[in-house]
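Below are the chains, spelled out letter by letter.
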Amino acid sequence: MNPWDEFVSRLAAGATLLSLWGEPERVHLALLDGGAIRHLARDCPDHRYPSLGARFAQAIRLERSARDLYGLDPVGLADRRPWLDHGAAPHAYPFLPVEGEALHQIPVGPVHAGIIEPGHFRFTCDGETVVRLEARLGYVHRGVERLMAGAALAAAAKLAGRISGDSTVAYALAFAQAVEAALGVSPPPRAIWLRAIMAELERLANHLGDIGAICNDGGFSLMLSHCAILRERVLRAADACFGHRLMMDRVVPGGVAVDLASKGISALGALIAELHARFPALVTLYDLTASLQDRTNGTGILHADLARRFGAGGVIGRASGRDFDARRSPGYAPYDALAFTVPVLGEGDVNARIWIRIKEVEQSLGLLRQLLASLPPGAIATDLPSGPAGEGMALVEGFRGDIFLWLAIADGRVRHCHARDPSWLQWPLLEAAIEGNIIADFPLCNKSFNCSYAGHDL
Amino acid sequence: MRKTILQGLLRRPLSEPPLALDDPDIVTLARDLDLVSQRKLGRGLSIRAIDAGSCNGCELEMHALGNAFYDLERFGLRFVASPRHADVLAATGIVTRNMREALLRTYAAMPHPKWVVAIGACARDGGLFAGSPVCEGGIGAVLPVDLWIAGCPPTPRDLLEGFLTLLQPRTAAVGSSRGEKSGRLAER
Ligand code: SF4
Numbered sequence: 001m002n003p004w005d006e007f008v009s010r011l012a013a014g015a016t017l018l019s020l021w022g023e024p025e026r027v028h029l030a031l032l033d034g035g036a037i038r039h040l041a042r043d044c045p046d047h048r049y050p051s052l053g054a055r056f057a058q059a060i061r062l063e064r065s066a067r068d069l070y071g072l073d074p075v076g077l078a079d080r081r082p083w084l085d086h087g088a089a090p091h092a093y094p095f096l097p098v099e100g101e102a103l104h105q106i107p108v109g110p111v112h113a114g115i116i117e118p119g120h121f122r123f124t125c126d127g128e129t130v131v132r133l134e135a136r137l138g139y140v141h142r143g144v145e146r147l148m149a150g151a152a153l154a155a156a157a158k159l160a161g162r163i164s165g166d167s168t169v170a171y172a173l174a175f176a177q178a179v180e181a182a183l184g185v186s187p188p189p190r191a192i193w194l195r196a197i198m199a200e201l202e203r204l205a206n207h208l209g210d211i212g213a214i215c216n217d218g219g220f221s222l223m224l225s226h227c228a229i230l231r232e233r234v235l236r237a238a239d240a241c242f243g244h245r246l247m248m249d250r251v252v253p254g255g256v257a258v259d260l261a262s263k264g265i266s267a268l269g270a271l272i273a274e275l276h277a278r279f280p281a282l283v284t285l286y287d288l289t290a291s292l293q294d295r296t297n298g299t300g301i302l303h304a305d306l307a308r309r310f311g312a313g314g315v316i317g318r319a320s321g322r323d324f325d326a327r328r329s330p331g332y333a334p335y336d337a338l339a340f341t342v343p344v345l346g347e348g349d350v351n352a353r354i355w356i357r358i359k360e361v362e363q364s365l366g367l368l369r370q371l372l373a374s375l376p377p378g379a380i381a382t383d384l385p386s387g388p389a390g391e392g393m394a395l396v397e398g399f400r401g402d403i404f405l406w407l408a409i410a411d412g413r414v415r416h417c418h419a420r421d422p423s424w425l426q427w428p429l430l431e432a433a434i435e436g437n438i439i440a441d442f443p444l445c446n447k448s449f450n451c452s453y454a455g456h457d458l
Numbered sequence: 001m002r003k004t005i006l007q008g009l010l011r012r013p014l015s016e017p018p019l020a021l022d023d024p025d026i027v028t029l030a031r032d033l034d035l036v037s038q039r040k041l042g043r044g045l046s047i048r049a050i051d052a053g054s055c056n057g058c059e060l061e062m063h064a065l066g067n068a069f070y071d072l073e074r075f076g077l078r079f080v081a082s083p084r085h086a087d088v089l090a091a092t093g094i095v096t097r098n099m100r101e102a103l104l105r106t107y108a109a110m111p112h113p114k115w116v117v118a119i120g121a122c123a124r125d126g127g128l129f130a131g132s133p134v135c136e137g138g139i140g141a142v143l144p145v146d147l148w149i150a151g152c153p154p155t156p157r158d159l160l161e162g163f164l165t166l167l168q169p170r171t172a173a174v175g176s177s178r179g180e181k182s183g184r185l186a187e188r
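Going down the list, the protein sequences come from chains A and B. Each residue of the first sequence is one higher than the one before, starting from 1 at the first, in the numbering used here. Each residue of the second sequence is one higher than the one before, starting from 1 at the first, in the numbering used here.
One thing to keep in mind: the hints can contain errors.
Now the in silico label distances, taken between C-beta atoms and shown as ranges [said to hold, decoys possible]: (1) A:S374 <-> B:P111: 53 to 61 Å; (2) B:G8 <-> A:A273: 40 to 48 Å; (3) B:G8 <-> A:T129: 35 to 43 Å; (4) A:P24 <-> B:E101: 23 to 31 Å; (5) B:A130 <-> A:P388: 26 to 34 Å; (6) B:A130 <-> A:G390: 39 to 47 Å; (7) B:P111 <-> A:I439: 26 to 34 Å; (8) A:H276 <-> B:S82: 38 to 46 Å; (9) B:R74 <-> A:G390: 50 to 58 Å; (10) A:Q105 <-> B:S82: 15 to 23 Å; (11) B:P17 <-> A:Q105: 32 to 40 Å; (12) A:H104 <-> B:E101: 20 to 28 Å; (13) B:A130 <-> A:D126: 58 to 66 Å; (14) B:A109 <-> A:V98: 27 to 35 Å.
Just so you know, these hints were derived from the structure itself, not from any lab. Built from N, CA and C at the ideal position, the CB exists for glycine as well.
Same shape as in the complex, but just chain A (with noise of 0.2 Å):
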């Protein structure tokens, strides 16, 4: 059996798509095959490739998007649509056809009524009921791909840190991880450490934040108000800890660029005090609010079984029974030398989103808790090698989900690199969750998604 078709074999036992992608002339395919990541690259000088969305649907928007940025043509793809590339006629996107009686469309975005990122949902309807929503995304590409070719790698780093600006410290940590795994140095113990505290605290920022953002959108800002206070105070100590609140640029090849002061450590210290203090009071309003919990439980059902086809990443996966943590397996530097559990539910449905949330921010206080103690001393960075070329991987837990990113290495500078936000993966189950749900519950649905739209568009 040729490489290819015993990969594809592989995914129809049950192996996780990571991600496919492109390269001009050249097509990759990455797996998780028993808690090990494996990745193809596969010549294509006439640029076509047997398709792999044409069998396995999690392929489909990526193999779409390879054809709009290399033109790359997966054979055998009955979806001929361009996905990231809107081309001159951006009104001209034709739809999937829906038939039936009585149904209407509702169009919504690109450009939606709050502060969110530009998407557009196509609803059909039968009265209050969504019987299909079809996502077209694509509207921030800004062509990360194309930028990073040949950048040198300091730029680069700074370009993966702001692919999805929510998740920097996640991106910057993959994109770190890959040179390091190119290159074949490691960083010194204590830049690891402090990596996991900028990884947990954006952990927590991003898990507060939504708490509160998806209470907000079941019509319960009380939630939300106190959510945003414990934020901002997260924001705040990672500002005084390292000097910019979203923690942007600190993570770098070889290591961070700036050491946590004493005075850090205090301010660490009060947040994990002040979150201690304040938010099982919030868990227990939730919990208790009869009215709020009428919106959650049993809207937007992810059925496992699809969680699991899609690799679905991080809350999402895990609310649907997907027992998957990157920090876990395949396991990175410095979560195995911590305790921390995984916490998984099966409901799959918004209410269940919302409680992998709350035990994660919880996990996270503890992971702090024990990073804080047992912090390494000595230096934050080493020096990476020039010259040498390479290619590495890594798969980041970002609190969205696991971010794959592959790079190669030529001359000092990027040569190639791509990164697979778990939303990838994400954004077509949320089609499938809303189904059967009322049009207003849409809302709450994104919203205990979350996915990113500049982390897929690119």
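Dock chain B with the ligand against the given chain A, drawing on the hints supplied.
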């Protein structure tokens, strides 16, 4: 729930006064407009946010303006859902080719008089994404920009200062869309 509300009432408020920043490195007027804008806007500002190609970092900090610490509505600032209700278009990100049309339409849907505030490094000149073949450039490449707020992303405090510049007399540098400042201060 009653307990939470009661506790909230009894605790001291968290909202902080904005610092008088007057930092020309952060807020840059594209033209001398403060007198004009003050007269027309009075003491309130309705802001329509639009993401023209941001990484969503700028959005996060705009969101933060609503939290108890910054509480933007104290100052007469509010985000509105419809461009028809907006005085100001707060635009973030480099303008992608795919968002150009939506950005233009949103601006066109706003009634006169209207102002455009470009938020963050990307909105100013494309930032790290400048030169991308699938982008148009900063907001200024597509719309007339009245004010730039620098930062990547600007902090909520920077944003507050920027928006208040439209309402209150204060100092701001006047610059060009290329990023270099003219050095002339709009002294008030
Ligand atoms: S200015 Fe910075 S934070 Fe804002 S959109 Fe650009 S990269 Fe993101």
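Comparing the hints with the structure gives:
no.: 1; hint: A:S374 <-> B:P111: 53 to 61 Å; result: holds (59 Å)
no.: 2; hint: B:G8 <-> A:A273: 40 to 48 Å; result: violated (20 Å)
no.: 3; hint: B:G8 <-> A:T129: 35 to 43 Å; result: holds (38 Å)
no.: 4; hint: A:P24 <-> B:E101: 23 to 31 Å; result: holds (29 Å)
no.: 5; hint: B:A130 <-> A:P388: 26 to 34 Å; result: holds (30 Å)
no.: 6; hint: B:A130 <-> A:G390: 39 to 47 Å; result: violated (29 Å)
no.: 7; hint: B:P111 <-> A:I439: 26 to 34 Å; result: holds (29 Å)
no.: 8; hint: A:H276 <-> B:S82: 38 to 46 Å; result: holds (42 Å)
no.: 9; hint: B:R74 <-> A:G390: 50 to 58 Å; result: holds (54 Å)
no.: 10; hint: A:Q105 <-> B:S82: 15 to 23 Å; result: holds (21 Å)
no.: 11; hint: B:P17 <-> A:Q105: 32 to 40 Å; result: violated (49 Å)
no.: 12; hint: A:H104 <-> B:E101: 20 to 28 Å; result: holds (25 Å)
no.: 13; hint: B:A130 <-> A:D126: 58 to 66 Å; result: violated (47 Å)
no.: 14; hint: B:A109 <-> A:V98: 27 to 35 Å; result: holds (28 Å)
The structure does not agree with the numbered hints 2, 6, 11 and 13 stated previously, though it agrees with the rest.
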